[in-house]
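Asker: Construct the complete structure from the given sequences, taking the supplied hints into account.
So the number in this note's numbering is just where the residue sits in the sequence shown, counting from 1, plus 387.
Take these hints with a grain of salt, some might be off.
List time: in silico SDA-like cross-link candidates among lysine to any residue, alpha-carbon distance up to 20 Å [to be verified]:
| hint | residue 1 | residue 2 |
| --- | --- | --- |
| 1 | 447 | 401 |
| 2 | 420 | 398 |
| 3 | 447 | 400 |
| 4 | 511 | 484 |
Pairwise CB distance ranges (calculated) [what the hints assert, rightly or not]:
| hint | residue 1 | residue 2 | range |
| --- | --- | --- | --- |
| 5 | 453 | 538 | 46 to 56 Å |
| 6 | 428 | 518 | 34 to 44 Å |
| 7 | 434 | 492 | 55 to 65 Å |
| 8 | 431 | 521 | 26 to 36 Å |
These aren't lab readings, by the way, just hints derived from the structure by calculation.
Note that the Cβ used here is the ideal one computed from N, Cα and C, for glycine as well.
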Amino acid sequence: MEDIELPKGSEPLANQQHENLAQAYVETANKKKAGEKAGYTDKSNAFRAILRPDVQERIKFLQEERAEELGIDAYYVLKSLKSVADRCMQSEEVLDRDGFPVLVEGPDGSVAPQYKFDQSGANKSLELMMKHLGMLSDKVKHEHTGADGKDLEIKVIREFID
388 MEDIELPKGS EPLANQQHEN LAQAYVETAN KKKAGEKAGY TDKSNAFRAI LRPDVQERIK
448 FLQEERAEEL GIDAYYVLKS LKSVADRCMQ SEEVLDRDGF PVLVEGPDGS VAPQYKFDQS
508 GANKSLELMM KHLGMLSDKV KHEHTGADGK DLEIKVIREF ID
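Answerer: Laid out in structure tokens, this is it:
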């Protein structure tokens, strides 16, 4: 009979404190709070434990399991972000407390309903979608070559002022 290989991280960790840490991190998404919840008194020990490959695999498995239970995948997230961005970019009529449109006078003297636009919500949704699609990165790429791919030539020029 063949042994069936289980997915990485699917088995509870042998070290109960590490297992508690992984479970707590999935609940809180905060290393400090997870360490406290798992019973670590020294936060540096919790931080070292959370960096262990077996703990990382367990966290990843638990996060994927949770997302699957909720029906959340990359497509769902992108679709939701697009919906938020679309909604935020719509012009929304401003209403007074009685539910009537607020009217404003335009530059030419005409009267028209006032509209609002949720710029920050639209920008944040678009930013998250761009990051997911690899169109935007928080990482800074340092290149040590010229445009032609060759090493940069550095010339030191000294100018003495009398």
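Asker: The structure should be examined with respect to each hint, and the outcome stated for every one.
Answerer: Verification of the supplied hints:
{"no.": "1", "hint": "447 - 401", "verdict": "17 Å, holds"}
{"no.": "2", "hint": "420 - 398", "verdict": "23 Å, violated"}
{"no.": "3", "hint": "447 - 400", "verdict": "13 Å, holds"}
{"no.": "4", "hint": "511 - 484", "verdict": "29 Å, violated"}
{"no.": "5", "hint": "453 - 538: 46 to 56 Å", "verdict": "48 Å, holds"}
{"no.": "6", "hint": "428 - 518: 34 to 44 Å", "verdict": "36 Å, holds"}
{"no.": "7", "hint": "434 - 492: 55 to 65 Å", "verdict": "59 Å, holds"}
{"no.": "8", "hint": "431 - 521: 26 to 36 Å", "verdict": "34 Å, holds"}
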